[in-house]
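A.B. asks: Residue numbers (this note's numbering), protein chains in the order written: chain A, 1182 to 1421; chain B, 1182 to 1421; chain C, 1182 to 1421; chain D, 1182 to 1421.
You may find that some hints are simply not true.
One copy or any two copies: either way a pair holds, since identical chains are not told apart in the list.
[As the list claims (entries may be wrong)] Cut-off 25 angstroms, straight-line C-alpha distance, at most; resulting in silico cross-link-like pairs (DSS-like, lysine-lysine):
1. Lys1252 <-> Lys1242
2. Lys1188 <-> Lys1407
3. Lys1187 <-> Lys1407
4. Lys1410 <-> Lys1253
5. Lys1407 <-> Lys1253
6. Lys1407 <-> Lys1252
7. Lys1188 <-> Lys1396
8. Lys1341 <-> Lys1242
9. Lys1402 <-> Lys1252
10. Lys1253 <-> Lys1396
11. Lys1187 <-> Lys1410
Since the hints were derived computationally from the structure, they do not count as laboratory data.
Number of protein chains: 4
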Amino acid sequence: MNASAKKRLLTLREEVYQANIRLVEHGLVISTFGNVSGIDRGIGLIAIKPSGVDYADLSPKNLVVLDLDGKKVEGDLNPSSDTRTHVRLYREFPDIGGVVHTHSRHATAWAQARRPLPCFGTTHADYFHGPVPCTEVISDRQIGMDYEEQTAVQIVDAFKGIDYHGMPAVLVASHGPFTWGRDAAEAVYHAFILEHAAEMGALSVTINPRISGVKRTLLDKHYLRKHGKDAYYGQGKPHG
Amino acid sequence: MNASAKKRLLTLREEVYQANIRLVEHGLVISTFGNVSGIDRGIGLIAIKPSGVDYADLSPKNLVVLDLDGKKVEGDLNPSSDTRTHVRLYREFPDIGGVVHTHSRHATAWAQARRPLPCFGTTHADYFHGPVPCTEVISDRQIGMDYEEQTAVQIVDAFKGIDYHGMPAVLVASHGPFTWGRDAAEAVYHAFILEHAAEMGALSVTINPRISGVKRTLLDKHYLRKHGKDAYYGQGKPHG
Amino acid sequence: MNASAKKRLLTLREEVYQANIRLVEHGLVISTFGNVSGIDRGIGLIAIKPSGVDYADLSPKNLVVLDLDGKKVEGDLNPSSDTRTHVRLYREFPDIGGVVHTHSRHATAWAQARRPLPCFGTTHADYFHGPVPCTEVISDRQIGMDYEEQTAVQIVDAFKGIDYHGMPAVLVASHGPFTWGRDAAEAVYHAFILEHAAEMGALSVTINPRISGVKRTLLDKHYLRKHGKDAYYGQGKPHG
Amino acid sequence: MNASAKKRLLTLREEVYQANIRLVEHGLVISTFGNVSGIDRGIGLIAIKPSGVDYADLSPKNLVVLDLDGKKVEGDLNPSSDTRTHVRLYREFPDIGGVVHTHSRHATAWAQARRPLPCFGTTHADYFHGPVPCTEVISDRQIGMDYEEQTAVQIVDAFKGIDYHGMPAVLVASHGPFTWGRDAAEAVYHAFILEHAAEMGALSVTINPRISGVKRTLLDKHYLRKHGKDAYYGQGKPHG
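Excised from the complex, chain A in its bound form (with noise of 0.2 angstroms):
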């Protein structure tokens, strides 16, 4: 590695490191659940959070770094049991810059409901072009694979016709949600805006049982106002 890449990868790693730690102040985590992971496609690296240590002893130095092969690059430590889900979404989804996994109450509520998380409102659909996806329950096939690997399987092919661009979340069905964004402090902040959605969405089905998603046209302003080319929300620069 040259000494540009090697202060890029410090740069990535130090992100990946903040990251983690905002899941952890958003109240996204519990114990040593949850992971984020952060990559820059110029050096072609990840860095990822280490499989089951507490969230205290985290440090910008005891990420794993990995290759978009999976293999590990840099670190003493396993890199998180959800690893190859991340690096597969990498390959798969050529444009994120960070993913993101939890177990937040909320978001995994519906996974274990088995429900896509319908658009209630506006909330939802300032960041949300459309209902949050659920993924088909892995197959007994697919568990006896490479399993990590083939969550992300199932997550692609939730997304047939869908841009991942507009839908930067999808709840992995008995399991929980994976969110992405340009890096990984935006996956954070989606993993955020989707619990928020998905225990607002819970009250309104608790309030009113039958109710259906927002229409279309709405739906379609909000997201424009505030992610289309003639986006008018906030002060021009990116949000997140």
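Based on the hints, put chains B, C and D in the right spot on chain A.
C.D. replies: Just chains B, C and D, lined up with the frame of chain A:
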């Protein structure tokens, strides 16, 4: 602007700033969501939160100042994307001095469920003289027009036959709550009470799905002991 | 008032002040809602929170002191608007030394749902010897009379056949809970346990809508191991 | 007791004290509810929380020490009223080193609803190898006998055909959860995870009342990747 108007504007900026901060302290907003505005009708000026700015970066100085036509008078930043809703409400409801919009979880859940919030008890009746109305879903024609201004039109339509003095809150269908008051501080206080009533309302429906609202005589008793001309709650000072 | 009575009144003011503060610390009240009173039956005086005063501004000194007829003996402020309910309860239930009223979210939700809180488990049975009763909705005739005093009449009516010693709590329909105890501190403790039981009760109903209360033998076992004459819970000191 | 046994007992007292404190930090208990015990099988001694003592007043020194017959060996205070349940569990489940009882809200709500907690997802499957069993309601005959010891008998009855090694938790009907582990710390950790799974389970049922548990193959995959002899989660150290 003469010296007296300048001084009043400084006061307005400070009040609106404080009200925005209280929104965060009450847990009514996450991220950059939500916005508070206030008006000084003597000088005809409105101060409002800038769009997409973190609450931590907010100050009395970076608020945006507008006139009652919605024209920017002071400020470098874009005003809240919901500004035209605020401005139109100030024109339609001539006695209000502050407007708040949040995505607070329980009030938003009722808005997403597209149900008025029934008055289930005296906590609600102490502040809202009846069920909190829910607007119709905005029409495609209105979405295609000036969406944010049409949101205010939807609100005004929902208040046919309802006195906005005794009902300082509304649920915008598929979106979230707006509240108002004599000034920005009272509008925030109403947003806080609305969230509390909406939370207890969701719980009441969970416990007894067939529950209906309180009877008119009890509603009147509680609202009027606090707000009628013979009010006897508190120490004879305005409450909020 | 002689010196001994004055000293006892100071003690009562301090106890009632502390109990009001604990109400806030337990998260049982928001804003200026809720009120605690205490009585010293030896001197025949009641101390109660003033109406509409922020808890931050409360002190032993600004509590209002009344006699058992509800006549103000000391204090510059108006007493809690619910004072006549407290005073009447002290007359009707001669062994109680403290009364608490809150709008705590889960207990109020049951009151709004107009359902007694069934005894679903031993947490409840440890403190409340049966379902917590819910009053009838107050009649229009009673609303037109002295409303706050009639609230106490409603409570007493709900206790026909129930011993208030073993049931230190009630849900006032469409309103919220009242609790009592040997003194103000115990009344607050009962409000705290009631809220916990009401929260778990709402969850139990969510999980199993057809669930019924515990059987009598288990209810008796738990209540009596803590409160019966052969009680063996704790260290032999009063518990609270 | 020889010097080595004394030293081991000091260590046990410290571990059990720390575990009790962690129960409070995790928000699993309110007031004086809940209790943790631990056993050192080498010296045959159990340390347990005294009954009805505030957690703030707890110290390694005021724990009560008992032998496996439940006879007090050291301590001035009465042991937890649930002591006989703990002692009997240590006799019935010979490999456990710590026992926890809480009234944590969601796990207790399931116990009150008298429903086993289905395994709805991988969070649950990572720690509990199947649905968490719920005991039968205790019989009147058992209530009339040694109630607390019979509670353990109910638990053992619920484990016919279930290996307590892979299922370190139970819901006692109309009462609340008990959990266990290799030591007091792990038993507390299991109480914490159980509460999290119970909360997400209640939410899943709200979102989809007809949801069933995960399939066996997925349950096995997750449980065994963490606990099987070929476990690959974490860093190869015991997890807890």
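A.B. asks: None of the hints should be skipped; say for each whether it holds.
C.D. replies: Okay, the hints, checked on the actual structure:
1. For the homomeric pair Lys1252 and Lys1242, the shortest alpha-carbon distance inside one copy (18 angstroms) is at most 25 angstroms, but the shortest distance between copies (52 angstroms) is not.
2. Taking CA atoms no more than 25 angstroms apart as the test, Lys1188 paired with Lys1407 passes in neither setting, with 33 angstroms inside one copy and 36 angstroms between copies.
3. Taking the shortest Cα distances, Lys1187 and Lys1407 never come within 25 angstroms of each other, neither inside one copy (35 angstroms) nor across copies (34 angstroms).
4. For the identical chains of this complex, Lys1410 and Lys1253 are inter-copy neighbours only, at 24 angstroms across copies versus 39 angstroms inside a copy, given an alpha-carbon limit of 25 angstroms.
5. Only between protomers do Lys1407 and Lys1253 lie at most 25 angstroms apart by alpha-carbon distance; the minimum there is 21 angstroms, versus 38 angstroms within a single protomer.
6. Taking CA atoms no more than 25 angstroms apart as the test, Lys1407 paired with Lys1252 passes between copies only; the shortest distance there is 22 angstroms, against 38 angstroms inside one copy.
7. For the homomeric pair Lys1188 and Lys1396, neither the shortest alpha-carbon distance inside one copy (47 angstroms) nor that between copies (46 angstroms) is at most 25 angstroms.
8. In this assembly of identical chains, Lys1341 and Lys1242 lie within 25 angstroms of each other by CA distance neither inside one copy nor across copies; the values are 38 angstroms within and 48 angstroms between.
9. Taking the shortest alpha-carbon separations for Lys1402 and Lys1252, only the inter-copy value of 23 angstroms comes in at or below 25 angstroms, while the best intra-copy value is 43 angstroms.
10. Taking identical chains as interchangeable, the C-alpha atoms of Lys1253 and Lys1396 are never at most 25 angstroms apart, the minima being 46 angstroms within one chain and 33 angstroms between chains.
11. Taking CA atoms no more than 25 angstroms apart as the test, Lys1187 paired with Lys1410 passes in neither setting, with 35 angstroms inside one copy and 38 angstroms between copies.
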